[in-house]
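**Student:** Listed here are the chains, written in short residue letters.
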Amino acid sequence: MREPILKVNNLHYSYGTGNPALKGVSVNIYNGEKIAVIGSNGSGKSTFFLNANGVLKADHGEISYQGTVINKKNLKELRKNIGIVFQDADNQIIASTVMAEVGFGPMNLKLPREEVLHRVDEALTYMNILDFKDRPPHYLSGGEKKRVTIADIIAMKSEVIIFDEPTAALDPLNAQMLEDVLVKLGQEGKTMLISTHDVDFAYRWAERAIVFDRGKIIADGTPLEIFKNREILKQANLKRPTMLDVYEMLVEKKMVKNTDAYPTTPKELKILLENNLYYPESSVPMI
Amino acid sequence: MENSSAKRLDFVRTNEKSDNSHHHYKHHHQIGHKHGEGSAIDYYAYASKIRGWNPSFKVAFSVLTLLLCIVLNNPLVSLAVIVSMAYLTVVKGGLPLGAYLSVLMIPLTFIILGTVAIGIDFSRQPIGQFNLYLGFGYLYTSIAKLKEMVFLMMKVFGAISAMIMMTLSTPSSEIIGVLRKAHVPKLIIELMNLIYRYIFILLDVFNNMRNSADSRQGYCDFKTSCQTFGNVASNMLVLSLKKANAYYTAMEARGYEGDLVFLEDEKPFQISQVIYAVGFMLFLLLLWYVTK
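Taken in sequence, the protein lines are chains A and B.
Going by the UniProt record's numbering, the first residue of the first sequence is number 1, and it counts up by one from there.
Going by the UniProt record's numbering, the first residue of the second sequence is number 1, and it counts up by one from there.
Hints in this document: simulated from the structure, not taken from any laboratory.
Among these hints, one or two may not hold up.
Just a sample of chain B residues kept apart from chain A, beta carbon distances all over 12 Å, derived [stated by the list, open to error]: (1) Tyr87; (2) Pro96; (3) Ser123; (4) Glu148; (5) Met149; (6) Ala182.
Only some residues are given here: those of chain A computed to face chain B with a beta carbon under 7 Å [stated by the list, open to error]: (7) Arg79; (8) Gln87; (9) Ser96; (10) Thr97; (11) Met107; (12) Asn108; (13) Leu109; (14) Tyr262.
Cross-link-like lysine-lysine pairs, in silico, DSS-like; alpha carbons within 30 Å at most [said to hold, decoys possible]: (15) A:Lys72 - A:Lys234; (16) A:Lys216 - B:Lys243; (17) B:Lys145 - A:Lys133; (18) B:Lys181 - B:Lys267; (19) B:Lys186 - A:Lys110; (20) B:Lys267 - A:Lys110; (21) A:Lys23 - A:Lys184; (22) A:Lys76 - A:Lys254; (23) A:Lys133 - B:Lys181; (24) B:Lys92 - B:Lys186.
Just so it is clear, CB atoms sit at the ideal spot from N, CA and C, and this is done for glycine as well.
Only chain A is shown next, with the shape it has when bound in the complex:
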């Protein structure tokens, strides 16, 4: 078995008010995994992320990054290697030009100026916003700000990138842009954790899904396993992905053969329909 990149063991955390937000969370995350973290509001996803990045200090439990247990001394290592893209871009953007903003992380890593400039250009090119370099963030739109916040983390070259509800408050075009970036980052072997309420997105993008409910992980497996398990869905108040419903209905009505090749996008469904129909092609209306 390969060594997990991030190992979280029996993590407990409660905020100042005394309400426990995390009650014993244990999870192993492996290099290059694409993980969707799902669960209702207040189930502990964001708290878990902040603990994983070392901003919040757990009451109990330990976190190891690449086999090293994190303590006060090597906390910086954890922050350097685990980047968070926050939900609200306005809570993340701190500098008054895009360049200074994207350079903020690398500057904190105490890199030489040349290297910082190089990384900023690289990250802005990656997100396709090099033109915005000299602009102040307060004249950017929501989608543009989101790109800047992602560039922030790309410039830090974190191994693990955490996205806290990235698709919230984005228009369809920007959401698509974001998904393209996620696919691109995935191809480059980055480990990603994304919290989302969009089950359709989780279903088609993720390789693994972790379900949070009231401060605990109640399920951990492939999205297919989880979304087929009605008990878990009910407990975590989750909806089933549309494509899963459509496929099961088609199978139930004997319109396609049950091949266990679950389609996750309309495109995949189309291919499936073209290949696995019960009836000869001539008798079917054009799709």
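Please build the complex by placing chain B on the supplied structure of chain A, with the hints as guidance.
**Tutor:** Same frame as chain A, now just chain B:
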């Protein structure tokens, strides 16, 4: 810049909310003060064509011009400064003349109000070269006094236009960078940076709150308006504390360890600009020497 122009329109729209809304469209490029002029100035600075000039040069140039304008105390020098600063801002910087005058209108109002008291005086006796009987006394003045008033006005106006040339061509973040290089204490620099960024966030938050209160009849009469204002203000305080927390978290997540250092663009000095600037200063001195 499509997005920015939309933003600019937004300023105008929100500004006019408090005015009577009959002249919605006529206000656009009218000379005069509007609420939220601060953010308009910020926008002009980013749009300026001379933004690419080295910020230290611009700051030093405008401060020296201001000093010369005040120290030389010569109406022709003041006039030269006013004209050349307008030339730099409007022609070189590409700012529309209407917008420039609109920005100048705020200090101009203060200058006129302040200098009138020097030029015109009040007395019970009919004295002075010119006087105006008001029934209970006389407003009086003289050519010399009027001249003094106009010269003072020009001096102040020249000094202000030198400063405005700087603010309309240099974004605040760059001015802060210049101050940092001038060894202003780090704490002040960090505060300035954070406050500058925060102004826009709070303005946004405030606009949203005000609009939502407005849509629920929160400003229907004077008493309700006062109450709403208080509620909005206290809510702003709570929200800014919350936001400050969220900010700190986000900064820590990116490795912040107590030192706020930003990456600054380095804009090269252009020797030709320095030569022009020195030439301009010499011209001002010469003008003063010839006409003194």
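**Student:** Any CB of chain B closer than 7 Å to the CB of Asn108 of chain A?
**Tutor:** Where the cut-off is 7 Å and the nearest Cβ of chain B is about 4 Å from Asn108 of chain A, the hint holds.
**Student:** Is the Cβ of Pro96 of chain B farther than 12 Å from every Cβ of chain A?
**Tutor:** holds (18 Å)
**Student:** Hint check: Lys92 of chain B vs Lys186 of chain B, CA-CA at most 30 Å. Holds or violated?
**Tutor:** With a Cα-Cα distance of about 34 Å, the restraint between Lys92 of chain B and Lys186 of chain B is violated, given a limit of 30 Å.
**Student:** Check the hint pairing Lys145 of chain B with Lys133 of chain A against an upper bound of 30 Å on the C-alpha distance.
**Tutor:** violated (53 Å)
**Student:** For the pair we were handed, Lys186 of chain B and Lys110 of chain A, check the Cα-Cα distance against 30 Å.
**Tutor:** Distance of about 18 Å is within 30 Å: holds.
**Student:** Hey, Lys23 of chain A versus Lys184 of chain A, does the alpha-carbon distance stay inside 30 Å?
**Tutor:** Distance ~34 Å between Lys23 of chain A and Lys184 of chain A Cα, so the pair is violated.
**Student:** For Ser123 of chain B, is the shortest CB-to-CB distance to chain A above 12 Å, so the non-interface label stands?
**Tutor:** Label holds. Min Cβ-Cβ 54 Å, cutoff 12 Å.
**Student:** Taking 30 Å as the top limit, are the C-alpha atoms of Lys76 of chain A and Lys254 of chain A close enough?
**Tutor:** violated (57 Å)
**Student:** Given Leu109 of chain A as an interface hint, is its Cβ closer than 7 Å to any Cβ of chain B?
**Tutor:** The hint holds - Leu109 of chain A has a Cβ within 7 Å of chain B, the shortest such distance being about 6 Å.
**Student:** Hint Ser96 of chain A vs chain B: min CB-CB distance below 7 Å?
**Tutor:** holds (4 Å)
**Student:** Next pair to validate is Lys72 of chain A with Lys234 of chain A; report whether the Cα-Cα distance is within 30 Å.
**Tutor:** Since the Cα atoms of Lys72 of chain A and Lys234 of chain A sit roughly 40 Å apart, the hinted pair is violated (cutoff 30 Å).
**Student:** Is it the case that Tyr87 of chain B keeps its Cβ farther than 12 Å from each residue Cβ in chain A?
**Tutor:** holds (25 Å)
Of the numbered hints listed earlier, those contradicted by the structure are 8, 14, 15, 17, 21, 22 and 24.
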